[in-house]
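Protein chains in written order, with this note's numbering: chain L, 1 to 471; chain U, 472 to 576; chain A, 577 to 1077; chain Z, 1078 to 1717.
Derived by calculation from the structure, the hints in this document are not laboratory data. Any given hint could turn out to be false.
To be verified - Quick look at which bits of chain L chain A covers, simulated, 3 or more residues with Cβ under 8 Å: (1) 132-145; (2) 382-391; (3) 405-416.
To be verified - 30 Å max Cα-Cα, derived DSS-like pairs, lysine-lysine: (4) L/LYS33 <-> L/LYS426; (5) Z/LYS1653 <-> Z/LYS1247; (6) U/LYS575 <-> L/LYS148; (7) A/LYS1027 <-> A/LYS941; (8) Z/LYS1512 <-> Z/LYS1576; (9) A/LYS877 <-> Z/LYS1649; (10) L/LYS346 <-> L/LYS265; (11) A/LYS941 <-> Z/LYS1653; (12) U/LYS500 <-> U/LYS562; (13) L/LYS265 <-> L/LYS361; (14) A/LYS877 <-> Z/LYS1472; (15) L/LYS34 <-> L/LYS346; (16) U/LYS575 <-> Z/LYS1686; (17) Z/LYS1614 <-> Z/LYS1472; (18) L/LYS420 <-> L/LYS441; (19) A/LYS1027 <-> A/LYS601; (20) A/LYS947 <-> Z/LYS1613; (21) L/LYS32 <-> L/LYS100; (22) L/LYS98 <-> U/LYS500; (23) Z/LYS1472 <-> Z/LYS1648; (24) A/LYS1027 <-> Z/LYS1104; (25) Z/LYS1686 <-> L/LYS420; (26) U/LYS562 <-> L/LYS420; (27) A/LYS598 <-> L/LYS435; (28) L/LYS148 <-> Z/LYS1613; (29) A/LYS1023 <-> Z/LYS1106; (30) Z/LYS1159 <-> A/LYS630; (31) L/LYS426 <-> U/LYS575.
Ideal Cβ positions, reconstructed from N, Cα and C, are used throughout, including at glycine.
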Amino acid sequence: MRLESFLLMRHEILLTVALLIILIAELSTENKKKISNLSVILFLGVTVIGFLPVPEGLLFGEMYRTSHLIVLMKNILNIGTLILFFQSAEWIKQTEYKNKVSEFYMLILSTLIGMNFMISSGHFIMFYIGLELATIPIAALAAYDRLKNISAEAGIKLILSSALSTGIMLYGISMLYGTVGSLYFSDMAGANLNTPLQTLAFIFFFAGMGFKISLVPFHLWTADVYEGAPINVSSYLSVISKGAAVFTLTIILYTVFYSIMPMWKNLLYVVAILTMTVGNLFALRQQNLKRFLAFSSVAQAGFILLGIIDGSGLGMASVVYFVLIYIFTNLGAFGVVSAISVASGKEHIDDYNGLYKTNPKLSLLLMLALFSLAGIPPVAGFFGKFFLFTAAAHSGYFWLVFIAVINATISLYYYLLVVKAMFINKNENPIAYFKSAFTTKVGLLLCVFGIFAIGLLSPVYEFIRMFSNIL
Amino acid sequence: MLSQIPLSYFLIVSTLMFFIGVYGFLTRKNLITILMSVELILNSVNINFVAFNRYLYPEQLQGHFFALFVIAVAAAEAAVAIAIIISVYRKFMNIDVERVDTMKH
Amino acid sequence: MDFLTLFVVVPVLTIIAIVFTKNMKQTRLVAAVGMGIQLLLAVALVFMYLAERKAGNTSEMLFSHSYVWFESLNIKYNIGVDGISVAMILLTGIVVFTGVFASWTVEYLSREFFISLIFLSTGVFGFFISLDLFTMFLFYEVAVIPMYLLIGIWGTGPKEYSAMKLTLMLMGASALLLVGILGIYFNSNAGGGELTFSILEISKVHIPMAAQRMFFPMTFIGFGVLGALFPFHTWSPDGHASAPTAVSMLHAGVLMKLGGYGAFRVAIFLLPDAAKEMSWFFLILTGTSVVYGAFGAIFQKDLKYINAYSSVSHCGLVLFAILMMNRAALNGAVLQMLSHGLMTALFFALIGMIYGRTHTRMINKLGGLMKVMPILAVSYVIAGLANLGLPGLSGFVAEMTIFFGSFQYTDVFHRVLTISVAASIVITAVYILRVVGKILYGPIVNKEFLKLDDAHWYERLSTGLLIVGIAGIGIAPLWLSDMINESLSPIMHQLLNVIVK
Amino acid sequence: MIDFSFTILIPLLPLLLFFVLGLTSGKMKPVLSGYIGTLGMFATAAMSYFVAFQYFFNRPAGAEAFEKIVPFNTVWLNLTDKLHIDLGVLLDPISVMMLVVITTVSLMVHLYSMGYMKGETGYSRFYAFLSLFSFSMLGLVLAPNIFQMYICWELVGVSSYLLISFYYEKPAAVSAGKKAFIVTRFADLGFLIGILILSYISGTFDFVSMTDPQGALITQGTPLTFMGLSALTWALALIFVGGAGKSAMFPLHIWLPDAMEGPTPVSALIHAATMVVAGVYLVARLFPLYYFGAPDVLTIVAYTGGFTSLFAAIIACVQTDIKRVLAFSTMSQIGYMMLALGVSGYGENHGLGFTASMFHLFTHAMFKALLFLGAGAIIHAVHTNNMNEMGGLRKYLPITHITFLIACLTISGIPPFSGFFSKDEILAAAFENNKILFFVEWAVAGITAFYMFRLYFNVFWGKNTNYKHTPHESPLTMTLPLMILAFASMVSELIPFSKLVTSDGLVLHIQTEWIIVIPSVLVGATGIVLAWLFYKKESAIPDKLVTTFATTYKWSFNKFYMDELYLFITKKIIFKRISQPIAWFDRNVVDASMNGIAWVTNKMSDSIKGLQSGQLQKYGYVFISGVIILAFTFVYVWFK
């Protein structure tokens, strides 16, 4: 193996290096503020370098593989994490966290490494390690807030649910191994997978992935964890973690399980309907914004399945495109909720009554983000949803599209409830005006930019589409 | 020697372990016990992998290695889980899973 | 940049300018200037269009441009106008311009108000210039969503409820629409070509019958809901009643026309076979709308409700005429859209002005307004007369064209429907005269009214302009009707093909 | 023959006046607008006379029949490929005659109103509306096609509405206007559908080609049938419904008496002389079609006319409001005209009814306008409409008295006044065709004389009433029109109608039939005598009669409860039984079902909340069951 082969996995390597640097910094300095800044700057570098062009290829005897599409996915995750870091810089400075700043960054980076491996995996061992690396640190992050009961509760719920789901998934993988005889993706793709036992095994595997993406009925941890975890961790869970899992699932479905596509298409059909509907029905009744956004993200996962279900390059492109938009959009929403939570400690929808009077810019941003989530033009969410639906329609699933759009209408209802709270409802005692920190502003402005630009500027989509056919 | 024990015996054992694990996960009240149930599930998987490898595909060691990784990762997982359980204990003053339900609906 | 894109650019620039205004006076001035330019552009477009046609340009769409947007999906920003869109653009220009003046005194969050209002109009203008299903759908939704804020923030009465209902029903309708559009898109390569969203290209393709059967009802109902198709009209009364004046004007005057225009340009034009086959069912629904809306209006006590039901009736007539699918009826449908747009805008403007003075819209609490505010009252009478189809005002021209068009069918079903629908003009007269008699005529019921003043200059401007429009169409309809008629040829060609087959 | 294209100015001038007066209303001095309106009308009238003179008496030598001239025609709107609505002018004997009638009466009314309306608020508005009406009415009679006629038909309807509701602060006036508009609108719906059918089968709106006896429509007939009647029959019957509505034929007459709430000059112009005869004009206009295409409908026309004239005459006998008496009298007289058309033949020497009808239309316009204007002068003087509160006015209002008497004599058919001749012709025509109708009309002639003189005696003779203010004669602006119209009533018979206005444009030869003349004069005289006996002085006879025929009187006094019937239909049926349920249905079914969707969604959301119990093990349970259910379903479905 030549040295330049390592270029192929530079995302992982760079992240590891960044992780180590933070670790060394943590050991060598007492000034935690600096660590925060250092991490952001380091990560900025990682993100930028990630965009440098590299060849495609395989490493470690096909255990690790990369392509332009995969690099793109990783870059998307990097961008999302970068925005998250910007948004978290102010939050992490609060007194209750000030002794564990570097933990936050290190845990996040390690999960990111795990996700990158997960996306790039060409073998189930690699996939499994990546998956666990992406999950276990998050459980620690969920329980990050030592002072709150719910944070510990979120942690325990996440780690145990995840352990269960991993167990079931592994059981499925073990049966696949037993029937195929290899754990290489390429071997698996070439094998006949069309027996009842393998179908069973596949569904066990799918359940594990469904857990990560929060598909119904594997989603129940989502709301509790989002609510209990610190808000920026929820934010990370809802976009980056979910995005990585979506990418992985899509790649695996499109490559490894290509031969049983008709089967998983039907499975996705059912799960998509369940996920959208149940997510929406729960979101309707939420009063806590974090919990609200949790269910909204469940519903969004259901929409994403509409892209995956297509099973062609069109579907892949629409999924990647949607996740990109979703990252900006949801980070925008979470960013506002986080900024307000940091400034006032309020997370209830009723607390937002009359917010526009005191904090017009944040209200507008939240409104834009919510509209984007609901799929209202001209913001990007519309384009994202439209292309997802196009992908589903491309496979002839018109009724599924119809159900999805009806669900989108229901989702509009609860998004509008928040808009109503901010713009219409009167409040004697609204959240007072506050000035956001510079980093927060940057984080939010990036979201605004993304929310507008990604949809209207078609090159973004075309760029993704270009790579999506080659898997 | 091994050949006198058919593969199905291993599979039966692993399946039993799997379901015992699941049952334990669903019924035990103590968080530690639940964690142990999860370990049972993972071990049943390990038995599967090793047995399949040994009986069906002895020329490669993919199954064995997978089992090794599962063991290693499970250890890490258990470590984190126990740390969180301690945190739960500090907050709730017990580790009964049914008490840990402040967030719902 | 091409000329038509200006219709989208000017409102956007106006919005940007409004962002930088300091106070209400500046805001409304900027809004008025921006929309004034927009109106002038619309008028200029009419003249340019007529000149171009006179010069012998016979292409289906004029001033058309096509910019590739999403290349891989063959989505284009594809714009162009024919006589019908030109007419609709002019209507929109007038209504939006007058709408700005009708909201001259909005003080609460006036900047946001005008931004939302103009944003809405951007969607409407964009919709009318689009020749691409994707762009069209995009602009459609752009036009719908500001309604929520406009009604929710600046409305009256149960505004949150109405706003939510309106938004959700319209978005629910767009669910059908979206599926319909995707269905058309994925069947647009029946001739072997590329998939396309372009309306003109799809119109040259024969979409398979099975697909047409599935997607025609979807697109038609999808657009029909916005056109207040029975039984999906109930967003309209509540929405109109709660909306602030300019929003009611825009909504009833222009936004509901999106439904008619869309049903015409997409449902009928692109799916003519299914339209022919299924028209009977929708004719019954729309016919019901017409009669039902008119009867419903008789019983109402709130001026805005009366008008909302009246709109249900009149917009039902638009859809009814569209479904008749012959040249005269379609011409009438377009005329009716214009006519209804103008007169209902006038109505809502006047109701808003009356409400602003008397603080009630209940007809039993009003009376004798003719004495105190003659200009407003006379304008109201004119609007009412236009509504009941008095010759010389726009409603008559449109209704007659529709009736004569519909009567071209010789079978009993169509004739009976036509006659029942024509009967609505009597019912219309009943509720219009009831209102006029109750609120304008008679003795003054409330001594407080004596203190009220008549129309201010900006109110006169807005009502005056609308009346000129109404009377203009009513007195000299020929140029307009010919302009529309000419543009109907492609669609007639489509439909004739169907008959031949 | 001169170029008639200037005739387009005849309707346009009043239109211009309408805009000028309407837009300056409230800014101009009221008196000035009166002058402008009257002068404008004078110019219009002058043009009309000129046209009439040129048309009738300045014909090219040797021309046999009167031509139908279309000096001006322009496309207004293209409806379908074939059909287009034109606006233009058609000159033929009846339209030219109508021009004269309308402009004359209108001018008189304009003049009269300068005195009558003096000091009223809305004086200039009044003149604006009058101009609007004149424009519409002139456009109606000059219409070269049926659609222009319909347009103007609607416009006269609305002018009538506006003028009836002129005193908009009076609830009675407002509701009368509303009633008039809606009832006629209802009838117009028939007209419209008639036009729809007619234009569909004929492919044109054009009167000239439509009514050409050699034209395709008449000679080829129409094969389309519906319920056993030909399409043409349906069309013409429906068109007649429109005409009946406007001309207040039974049972669409109920608006006319109420319309008397309007200012009296308006009643004179619109509800006596011009607009209400539009129905007659319409039938006359389409007469060849009726005659050749749908003789059945013509019979209906005749009977409707006959019945209405009797019905109205009976009611008129017991009314006490002088304007209402006149209103019923108008109905009755229009019934005559309708009947005359209904019994008429076409061409040769059979067209007596047609000519008679037109002749009566002309004379009726003059004397009825005179009656109304006279009534106006009376009301102006005594400030009441109720004839029981009047009496002995001949001393105070000499001019009004004389002119009113002339008018009464004219309407009663007493020679040598014009009414005698026109009514006589009608009776003769009826006699030829239908003996029953003849007798009805003959009787009605007597009743007419009775109720007119009942009115006359009650007002001008009878008891001496004490008036609060001593009544005084009206100013010259008001009396001059009275005198002019009285003169016209007396001398109209000199116009050779049988030579000028005939069904086919050729000269009609008629001879006086004494067998009709004598009884008709006799019956008129009897009526007058009876009235003289009953009402000249206060007498007990009327009261006795009332008690004897109590039921009849009550029914008659209440106009046979037609109003109540209509009220029942509108209030109880349409409002309560249709509209209210629809409004209810809309709220509680349609709307509720939309809200119901939201409700169901919320309920569902509520009902599945238990899923998210907060219990980790429950989550695991759902997870596992989810996996198992999905796995088994798919394994089963896939490998079934």
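Quiz item: Would the pair L/LYS346 and L/LYS265 pass a check requiring their Cα atoms to be no farther apart than 30 Å?
Solution: 42 Å, violated
Practice problem: Quickly compare the C-alpha distance for A/LYS1023 and Z/LYS1106 to 30 Å and report which way the hint goes. | Solution: 29 Å, holds
Practice problem: Verify the proposed pairing of L/LYS265 with L/LYS361, using a straight-line Cα cut of 30 Å. | Solution: 43 Å, violated
Quiz item: Has the given pair, L/LYS98 with U/LYS500, been kept, meaning a C-alpha gap of at most 30 Å?
Solution: 35 Å, violated
Exercise. Take a quick look at whether Z/LYS1512 and Z/LYS1576 sit within 30 Å of each other, Cα to Cα.
Key: 26 Å, holds
Exercise. Measure nothing beyond the straight line between the CA atoms of Z/LYS1159 and A/LYS630; if it is 30 Å or shorter, mark the hint as holding.
Key: 23 Å, holds
Exercise. Starting from L/LYS420, check that the Cα of L/LYS441 is at most 30 Å away, please.
Key: 24 Å, holds
Quiz item: Counting residues of the segment 132-145 of chain L that have a beta-carbon nearer than 8 Å to any beta-carbon of chain A, does the count reach 3?
Solution: violated (count 0)
Exercise. Mind checking the alpha carbons of L/LYS33 and L/LYS426 for me, to see if they're no more than 30 Å apart?
Key: Since the Cα atoms of L/LYS33 and L/LYS426 sit roughly 39 Å apart, the hinted pair is violated (cutoff 30 Å).
Self-check item: Distance restraint between Z/LYS1614 and Z/LYS1472, which requires alpha-carbon spacing of 30 Å or less
Solution: Answer holds: Z/LYS1614 to Z/LYS1472 is near 15 Å, not above 30 Å.
Quiz item: Holds or violated: L/LYS32 with L/LYS100, Cα cutoff 30 Å?
Solution: 8 Å, holds
Self-check item: Given hint Z/LYS1649 paired with A/LYS877 - CA-CA distance at most 30 Å
Solution: The hint holds at about 18 Å.
Hints 1, 4, 10, 13, 14, 20, 22, 23, 26, 28 from the earlier list are contradicted by this structure; the remaining hints agree with it.
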